[in-house]
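Undergrad: Going by full-length UniProt numbering, the sequence shown opens with residue 1, and the numbers climb by one from there.
These aren't lab readings, by the way, just hints derived from the structure by calculation. Certain hints may be false.
What the hints assert, rightly or not - Within a straight-line C-alpha distance of at most 30 Å, the following computed DSS-like cross-link-like pairs (lysine-lysine) qualify: (1) K65 <-> K98; (2) K65 <-> K33; (3) K154 <-> K98.
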Amino acid sequence: MSKDQQEEVSTQTQVGKPRRTNSSRFNADEEGKRRATLLKRVHVVRTRGERIQVSFDAKGQPIGKEGDELQSWIGVLAREHIPIWIADFRSADLEPKKEQVWLEVVTSFTVDESHKKQVLKSCGESAKCFRYDLYQAFVRDHIDDESVWQRPAKVVNNYPTISQDDWERFITYRRTGDFKRLSDQGIERRKKSKYGSTTGRDGYRKRDQEIVRLLIGKKA
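Assemble the whole structure, with the sequences as input and the hints as a guide.
TA: Here it is, written out as structure tokens:
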């Protein structure tokens, strides 16, 4: 069991992480519409030979509307380029995929080399979150059914880069004893935890931005 596999299962239920924890919030159709809107925006900017200007805070986090668009774009790229069956994001086999993601980012947004590590880290986290969303929405309640091996229509319609082979490899791992054991351990850790996460995905970044705005307002 790789460290990345352990982190994937544990972060699915670990508190204090910017992860989606309510599977009902994941809607493949709605996400598909948002992705289409973002793709259109990026396409228009590229057609003009321009890039979307992004600002960063002192922690190196993208901020503002453009920062949100960058984060969303990284999520789109993670879904398109990172296989859902991947066992370890640090695998050398993924380097070409990571470079492709980075090239797509800098082609569309003003992000310099100093932010590359953070961008790829965000890509890895987005890929993990996506795998979790897929599992919660389409697999968990049907894990022992033979029908689970067939890609759901919503996956076929909204994520055409996920092939039938990708889906079967994804299901294979989720049906292993290791995955179930680690998942159960994560659930128990959450039950014993004193605090729950209330910020949601990217919540900490946006919360910090809001604090800065309030402080500036008080000084004024």
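Undergrad: Find the hints from earlier in the document that the structure breaks and name them by number, from lowest to highest.
TA: Every hint satisfied by this model.
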